[in-house]
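Student: Just so you know, the protein sequences line up as chains L and Y, in that order. Using my numbering, count along the first sequence one by one with no gaps and you end on 116. Using my numbering, count along the second sequence one by one with no gaps and you end on 233.
Hints in this document: simulated from the structure, not taken from any laboratory. For clarity, every value in this text was computed on a predicted model and none was experimentally measured. Glycine included, C-beta positions come from ideal geometry on N, C-alpha and C. Some clues are possibly wrong.
[Unchecked claim] Footprint (simulated), chain L over chain Y, 3 or more residues, beta carbon under 8 Å:
hint : segment
1    : 184 to 197
2    : 219 to 233
[As the list claims (entries may be wrong)] Looking from chain Y toward chain L, a few residues come up when the C-beta cut is under 7 Å (computed):
hint : residue
3    : I167
4    : F179
5    : F206
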Amino acid sequence: GAGVSQSPRYKVAKRGQDVALRCDPISGHVSLFWYQQALGQGPEFLTYFQNEAQLDKSGLPSDRFFAERPEGSVSTLKIQRTQQEDSAVYLCASSLVGGASTGELFFGEGSRLTVL
Amino acid sequence: AQSVAQPEDQVNVAEGNPLTVKCTYSVSGNPYLFWYVQYPNRGLQFLLKYITGDNLVKGSYGFEAEFNKSQTSFHLKKPSALVSDSALYFCAVRDRDYGGATNKLIFGTGTLLAVQP
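The shape of chain L in the complex, shown without the other chains (with noise of 0.2 Å):
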């Protein structure tokens, strides 16, 4: 598709399960980034990928979220032991270039977490 895509777009999961959201951004896309979005907040960033390299990790809330982007273009953000805490919208983003450029980042439509 032209666009970035997450899926799921919704997941019910009960606490101390593990989850796995995933996220396919525009073809070519250097930069990927991954936000968390609490209701009635802004999205608050937590990693970053330059093509397959994690640069940035500093806004993962705790050791049981890692992401994951292998081959440089499909991204996984899993999330261990899941916690009420966590339930919130994860958002996927991707930027064509990589660096500190001024480009803008291309939201998919988010993946909405409920843990129960």
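We have chain L already, so just place chain Y on it with the hints.
Tutor: Chain Y alone, transformed into the frame defined by chain L:
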């Protein structure tokens, strides 16, 4: 640290009237500022950005924003609001980059724009 503030949780305006959604920023170095719009159950969509040059930036859907360095503001404006403009609007600033590594954005808390018919 870089940050933006959106002082209004909600802005109400009648259709056909001008609208303003406020944003102020705090940065070290040159500010790179953005506006995004989020419709219900949709991802964020880019509206416009200020990098350098003319203080009045024009963007998508008839929106524009005015960069004001002395007031550290980057307010979003539109001369005539439409009901379809009703959405959540986010101001963002590019994070300060120390090593040329990223174009990561830092977002404000958002302003809900409600345009009444």
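Student: Starting from the hint list further up, note which numbers the structure goes against and sort them upward.
Tutor: 1, 4
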